[in-house]
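Student: Using the hints provided, position chain B relative to the given structure of chain A.
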Amino acid sequence: MDKQVFNIMNLDLYYGKFQALKNINLIIEKNKVTALIGPSGCGKSTFLRVLNRMNDLIDDCHISGEVYFHQEDIYREKFDVIDLRTRVGMVFQKPNPFPMNIYDNVAYGPRCQGIKDKDELDKIVDNALKSAALYDEVSNRLKESALSLSGGQQQRLCIARAIAMEPEVILMDEPTSALDPIATLKIEELINDLKEKYTIIIVTHSMQQAARISDNTAFFLTGEIVEMDLTNKIFTTPKNQKTEDYITGRFG
Amino acid sequence: MNTSTRRKKRVDQLIRSVFLVATLLSASFIIIIVIFIVIKGITPFITNNDGLGVVNVWTFLTGTVWLKGTAFQSNLYSIGFIILNTLYIAFLTLLLSLPVGVLTALFIAKIAPKKLAEFLRTIVELLASIPSIVYGLFGIGIILTFVYNLSSVFGIQSKGGNSVLATVLVLALMTLPTITAISEVAIRSVRKDIEEGSLALGATRTQTNFKVVLTSAKSGIFAAAILGIGRSLGEATAVSLVAGNAKSGPNLGLFDITTTLTSTMLQGLKETTGVDYDIRFSVGIVLMIVILITNFILNAVKKRVGNVNVK
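Line order of the protein sequences matches chains A and B.
Okay, so the first sequence: first residue is 525 according to our numbering, each after it adds one.
Okay, so the second sequence: first residue is 2 according to our numbering, each after it adds one.
Pulled out of the complex, with its shape left as it was, chain A reads as follows (with noise of 0.2 Å):
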């Protein structure tokens, strides 16, 4: 069986002349978290955005090296963007629900699909919704907009809409940090649920966050992987000083 979902090889990215990743080299495992920590501007979240090739929108953004999806280098000349992106579905950090109502919300994905039948619809967006554990809460108003729900509502709306898609993998970027402690702890335990379907590669903050729902851990700085190891190994007993450094709160 096919364990590995992505496999990143001597990755570079740059922003115009200013190299923001440094020979990267990572593997995610299927139906794992990974969590990517480290201090603010040290690649993570380029780094997420690689793997969804979210970085195209950026205009002097270039990489080398090879990302593989599966078997796929993602980066080849005339690889479909828009299938990547059916696969491998994206929470961003601030919850950004479309203007519309809740149930066109979860939709949205799959129409662009060209999946137009109501039945089979209906059928998905009830499925994604329960997934995201947001279904009770708004069963009895999904023709009203997104935008009268909570914020922490607002996100699992978002990862709702994500898994409407039946992705092979999500990728959040850094979920909760504009969250309060309660709706932060319902998107954890969320995390903690999807993995069993869903391979989840998250970028975080908060240490304990990471020690809390990953698996995995990678600490980045400066635009390189310090470390990558088994969460625990990484929060008990890291190979690196400055790992250790960082996660005992020494600096960042």
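Calculated directly from the structure, the hints in this document are not laboratory data.
Remember, it's a predicted structure, so these values are computed and weren't measured experimentally.
Heads up, the beta-carbon is just placed ideally off N, CA and C, and yes, glycines get one too.
Be aware that one or more of the hints could be misleading.
[To be verified] For lysine-lysine, the following BS3-like pairs were computed, each having C-alpha atoms within a straight-line distance of at most 25 Å: (1) A:Lys602 with B:Lys303; (2) A:Lys667 with A:Lys710; (3) B:Lys212 with A:Lys667; (4) A:Lys667 with B:Lys115; (5) A:Lys527 with A:Lys757; (6) A:Lys757 with A:Lys602; (7) B:Lys116 with A:Lys541; (8) B:Lys193 with A:Lys618; (9) B:Lys303 with A:Lys541; (10) A:Lys647 with A:Lys527; (11) B:Lys69 with B:Lys212; (12) B:Lys212 with A:Lys647; (13) B:Lys116 with B:Lys193; (14) A:Lys618 with B:Lys116; (15) B:Lys303 with B:Lys219; (16) A:Lys618 with A:Lys667; (17) A:Lys667 with B:Lys304; (18) B:Lys212 with B:Lys271; (19) A:Lys719 with A:Lys654; (20) A:Lys642 with B:Lys212; (21) A:Lys618 with B:Lys271; (22) A:Lys554 with A:Lys710; (23) A:Lys554 with A:Lys527; (24) A:Lys710 with A:Lys654; (25) B:Lys219 with A:Lys667; (26) B:Lys212 with B:Lys115; (27) B:Lys219 with A:Lys618; (28) B:Lys69 with A:Lys640; (29) A:Lys640 with A:Lys618.
[As the list claims (entries may be wrong)] Short, incomplete list of chain B residues facing chain A, as computed with Cβ under 7 Å: (30) Asp194; (31) Gly198; (32) Gly203; (33) Ala204; (34) Thr207; (35) Gln208; (36) Val213; (37) Leu215; (38) Ser217; (39) Ala301.
Tutor: Relative to the frame of chain A, chain B by itself:
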């Protein structure tokens, strides 16, 4: 308190009163103008009009012929059909200029390369500042000929091209820059992360632009439409040159000559006196009321449409 602070205080007070005077002056001008128009405009309905008798308000508002009988010998004025014409033309204009304007705005804001977008933005701003008489002359020179030829194709004899269609085309050209410029600002201010959210779900650029960007900007686009309608309702000069000055109506056929509230006011204004002169101010009152009501309704609709954007 030393002298310098005291002087500062005095200067401050002086400047404040200068502002107050300026404000009062401009406010009073607006009030004076409105009062002048209202007084002039109600004269036909409350005086004897040099022996012709009082103009009937109901007939005036609902009738389908501008003047039954001859000027200076009759008081049977009506503008019911003109009100209808005006709204009809504003509606057709919007039907034409809104989609074109919004698509242009979308192109400038989201699709065009940066340099081209900058260039187009300048052009649109330039077009928005062209005086209406220039559009009117363009209308006479180009659009009338075009409409005249077009009507011949359909086997219709139009009055030298003067028509509903010509009026709508001229007004569409005039409102297009305004609608484009305002929609473009609305589209550009759509939150980037909402767009990214759509793209990250595997939506194409086009799907994102139409399903997410435009829906997010709809409140601003609506504001653009309101300004566009305001301009087509209020435009006089260019319209007078191409409308054809119909004397009865309503004029709904595209190649029929027509008339609007504004062009009616302008027509022959300099060559007339008595009730035939005053009645144009009555038309002015109606125009102001029509614009007020339209704005009121559109703003109410805008609130409902825009509601989804409010947290």
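Student: Against the structure shown, which of the earlier numbered hints fail to hold, in ascending order?
Tutor: As far as the earlier hints go, 1, 4, 6, 9, 10, 11, 14, 18, 21, 28, 29, 34, 37, 39 are violated by this structure, in ascending order.
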